[in-house]
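Enquirer: Required output: the full structure, derived from the provided sequences and hints.
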Amino acid sequence: MSSFLRFAGIAAFIVSLGLAVQALSYVPDVKIPVPCGTDAISKVIIKLVVDGGLEVKLRALLALKTIAEIKIALAVITGLFRGCAADLLKIGAGVVAETEATTSIVACFSAIITLFVKIFLQLSVKFGITAVVDLCAEIDVVIRECLVNLEVCIAGVLALIVKACLYITVSVLAHLKLDLCADVLAHAGMSA
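Read left to right, the sequence shown gives residues -20 to -1, 1 to 172 (mature numbering (1 follows the signal peptide of the UniProt record, and there is no 0)).
Rather than coming from a laboratory, the hints here were simulated on the basis of the structure.
The model shown is predicted, which means the values in this text are computed figures rather than measured ones.
Where hints are given, some of them may not hold.
Straight-line C-alpha distance at most 30 Å; calculated DSS-like pairs for lysine-lysine [said to hold, decoys possible]:
{"no.": "1", "residue 1": "K11", "residue 2": "K51"}
{"no.": "2", "residue 1": "K11", "residue 2": "K37"}
{"no.": "3", "residue 1": "K23", "residue 2": "K106"}
{"no.": "4", "residue 1": "K11", "residue 2": "K27"}
Listed next, with one range per pair, are the computed distances between beta-carbon atoms [unchecked claim]:
{"no.": "5", "residue 1": "Q102", "residue 2": "A166", "range": "37 to 43 Å"}
{"no.": "6", "residue 1": "H167", "residue 2": "R62", "range": "21 to 27 Å"}
{"no.": "7", "residue 1": "K45", "residue 2": "K23", "range": "32 to 38 Å"}
Cβ atoms here follow ideal geometry from the backbone N, Cα and C, with glycine treated the same way.
Expert: Written out as structure tokens, the structure is:
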């Protein structure tokens, strides 16, 4: 009886992951917009997106053939996010960002999250969910750091990012074991 329940649970998980991948195939191609502000926060995020070539690096993951290659590429991406989180922490609270700059930061981060999830769901189909879940652990930590530090800099920005992430839910993040990001975004109001 217990082996049947385990099998049924695994089957349900695989079916739900398949549905998530299928649903994300309807997501329009995501482009990461560059923040338009001249404030310190916008400059840090521009450094992540433009100077770091984040979108190109994320999209390049799909062309890689082995998990070892993906781990190496993810180490670079993780370093970019770690640097962004550290720079945001140095800025701290009390920065006044114009409405237009805040809007562009929200659009940028919602696109980053959407593109990240879309790519990792595609990688899970290619390499298997177990391999991808292992890859997501460290990137989960640094993206969460960025989100938390961004919220410190601009109070209320997480709620705006959640509203802008139209195609992502907490359950999709949980499937990829992005538990830390899911927790932060759920507290900001992301739907299950």
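Enquirer: Next step is simple, just say for each hint if it's right about the structure.
Expert: Each hint, compared with the structure:
| no. | hint | in the structure |
| --- | --- | --- |
| 1 | K11 x K51 | holds, 23 Å |
| 2 | K11 x K37 | holds, 13 Å |
| 3 | K23 x K106 | violated, 35 Å |
| 4 | K11 x K27 | holds, 16 Å |
| 5 | Q102 x A166: 37 to 43 Å | violated, 24 Å |
| 6 | H167 x R62: 21 to 27 Å | holds, 22 Å |
| 7 | K45 x K23: 32 to 38 Å | holds, 36 Å |
Consistency with the previously given hints fails for numbers 3, 5, ordered from lowest to highest.
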